[in-house]
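Use these hints to put chain P onto chain Y, whose structure you have.
Chains Y and P, in that order, are what the protein sequence lines are. For what it's worth, the numbering used here labels the leading residue of the first sequence as 10, then goes sequentially. For what it's worth, the numbering used here labels the leading residue of the second sequence as 107, then goes sequentially.
No lab work stands behind these hints: they were computed from the structure. Take these hints with a grain of salt, some might be off.
In silico DSS-like cross-links for lysine-lysine, where the CA-CA straight-line distance does not exceed 30 Å [unchecked claim]:
| id | chain 1 | residue 1 | chain 2 | residue 2 |
| --- | --- | --- | --- | --- |
| 1 | P | Lys122 | Y | Lys46 |
| 2 | P | Lys132 | P | Lys160 |
| 3 | P | Lys132 | Y | Lys46 |
| 4 | P | Lys160 | P | Lys110 |
| 5 | Y | Lys20 | P | Lys160 |
| 6 | P | Lys110 | P | Lys132 |
| 7 | Y | Lys20 | P | Lys122 |
| 8 | P | Lys160 | Y | Lys280 |
| 9 | Y | Lys20 | Y | Lys46 |
Stretches of chain P that chain Y covers, calculated by requiring three or more beta carbons in the stretch to come under 8 Å of a beta carbon on chain Y [claimed, not checked]:
| id | region |
| --- | --- |
| 10 | 121 to 131 |
| 11 | 179 to 192 |
No residue lacks a Cβ here, since even glycine has one placed at the ideal position from N, Cα and C.
Listed below, chain by chain, are the residues.
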Amino acid sequence: MATYYDINGQKVQNLASDPSPVTEGQVWYNTTSNTAKFNSVTSADAWSTGGNLNASKSDGGGCGPQTAALYFGGSNGPSALDTTESYDGSSWTNLPATMNTARTVAASGGTQTAAVAAGQRGGNGQQTEEYNGSSWATGTSIGTSIYYRTGTGPQTALFIAGGSPDGTTNVTTTAEYDGSSWTTGGALATATSFAASVGSSADGLQISGGQASPSTYIANTQAYNGTSWSALNPVNTARKYGGASASGPTSTALFVGGSTSPPVYVSTCEKYDGTSWSATTSLSTARSNLAGGGTGSPTTALVSGGKTSPSARTNSTEEFNAAGALETVTITTS
Amino acid sequence: MAHKTYQYCVAENWGKGFITHNDAVKLGFTSFPGEVWRVDAHNQNANGWIANVKGTHKTLSEAQAIVDAEITQAQADWDALPAEQKAPSVGFENISRPEDITLEE
Numbered sequence: 010m011a012t013y014y015d016i017n018g019q020k021v022q023n024l025a026s027d028p029s030p031v032t033e034g035q036v037w038y039n040t041t042s043n044t045a046k047f048n049s050v051t052s053a054d055a056w057s058t059g060g061n062l063n064a065s066k067s068d069g070g071g072c073g074p075q076t077a078a079l080y081f082g083g084s085n086g087p088s089a090l091d092t093t094e095s096y097d098g099s100s101w102t103n104l105p106a107t108m109n110t111a112r113t114v115a116a117s118g119g120t121q122t123a124a125v126a127a128g129q130r131g132g133n134g135q136q137t138e139e140y141n142g143s144s145w146a147t148g149t150s151i152g153t154s155i156y157y158r159t160g161t162g163p164q165t166a167l168f169i170a171g172g173s174p175d176g177t178t179n180v181t182t183t184a185e186y187d188g189s190s191w192t193t194g195g196a197l198a199t200a201t202s203f204a205a206s207v208g209s210s211a212d213g214l215q216i217s218g219g220q221a222s223p224s225t226y227i228a229n230t231q232a233y234n235g236t237s238w239s240a241l242n243p244v245n246t247a248r249k250y251g252g253a254s255a256s257g258p259t260s261t262a263l264f265v266g267g268s269t270s271p272p273v274y275v276s277t278c279e280k281y282d283g284t285s286w287s288a289t290t291s292l293s294t295a296r297s298n299l300a301g302g303g304t305g306s307p308t309t310a311l312v313s314g315g316k317t318s319p320s321a322r323t324n325s326t327e328e329f330n331a332a333g334a335l336e337t338v339t340i341t342t343s
Numbered sequence: 107m108a109h110k111t112y113q114y115c116v117a118e119n120w121g122k123g124f125i126t127h128n129d130a131v132k133l134g135f136t137s138f139p140g141e142v143w144r145v146d147a148h149n150q151n152a153n154g155w156i157a158n159v160k161g162t163h164k165t166l167s168e169a170q171a172i173v174d175a176e177i178t179q180a181q182a183d184w185d186a187l188p189a190e191q192k193a194p195s196v197g198f199e200n201i202s203r204p205e206d207i208t209l210e211e
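Just chain Y, with the same shape it has in the complex (with noise of 0.2 Å):
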């Protein structure tokens, strides 16, 4: 029988780990885990199970790719949390660093080791804090407070939007943070609370949402510049608490999971072309209130935690990966 190496002229690899970054086509034998790897072009968007958070919670902070993500503070249900998970593509590691506050959290963003969190989820908080790969520091004070109120952007580049100050009537206002301040951003097209955001205050999406009393849901979709917000085609089924990911936010972007009326935590997922939404594979687990949306591609999103029904959170972690995206799969034989 002919080997690998009689067929492609060169040797499988024998490695510790799997290798990073990974080519189309690469092979390789994972000898810690003594499994046979290699790397293929998936063929349809699909999600799969990623490593589960190591505790139940809902309403956190999210931020970074599928492979080096960050999941910090959120809910247990009774308790806010301040905890710091990471993430490296297979498992979630608890690490030591504990956020100031244990809250919800309103707008997130980052990397791995320049990550944000600002306001608070559901509250009105106005903290600001940051990550440095070690530890949270605490950051300038929003200045206002809000409820419902949404946003995501990098450390330097953070947005948060719309929201309600009285916990009924939704307001338009957009603060922007640059690392060291917030400063008055430009007014939404539409007073929306509980979106999904996707992008930085230079570059954002602002992605469905609603209004708390009375509850009314919008499916409206919202571009910033930077300096103004101008309206967009609405998704499909518009949701509260969903979670979205992109890489440029006007042109590509996933929004996924949340709550539509009367409340139901819904797996639905949508991608947007630039032009108009449309429906692609749904998640495996109904859910709200996740956790950023694995911010980095439309073609690579993470999803982690949530609601799961009014009482219930899940650890679970989903990947969705596109078609066409580089996908590693483990060789099985039966």
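What follows is chain P alone, placed relative to chain Y:
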């Protein structure tokens, strides 16, 4: 006799590799309380996935009983909350009693 669209199993989602990208391309997966998973019936890929994850096959009524028990407990937990925590209030917009789930055949 009605044609079954779905089959059910109980399996623990251990994380990475539980549902692979290739699994998800071939099958639709839906999870329910009690580690109940729904996949297509009469499907070789689905049968193979259940075997791979060491799932325990459940009939519709068995799966429904597991889900019902979980929901009943969640509803009891919700009922036991103080009234002020159950009423919608500022900062706690999204609280409501867990609803029953009816599994499809």
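Tested hints:
no.: 1; hint: P:Lys122 <-> Y:Lys46; verdict: holds (15 Å)
no.: 2; hint: P:Lys132 <-> P:Lys160; verdict: holds (19 Å)
no.: 3; hint: P:Lys132 <-> Y:Lys46; verdict: holds (20 Å)
no.: 4; hint: P:Lys160 <-> P:Lys110; verdict: holds (22 Å)
no.: 5; hint: Y:Lys20 <-> P:Lys160; verdict: violated (34 Å)
no.: 6; hint: P:Lys110 <-> P:Lys132; verdict: holds (18 Å)
no.: 7; hint: Y:Lys20 <-> P:Lys122; verdict: holds (28 Å)
no.: 8; hint: P:Lys160 <-> Y:Lys280; verdict: violated (33 Å)
no.: 9; hint: Y:Lys20 <-> Y:Lys46; verdict: holds (14 Å)
no.: 10; hint: 121 to 131; verdict: holds (count 11)
no.: 11; hint: 179 to 192; verdict: holds (count 3)
In summary, the structure is inconsistent with hints 5, 8 from the numbered list given earlier, while agreeing with the others.
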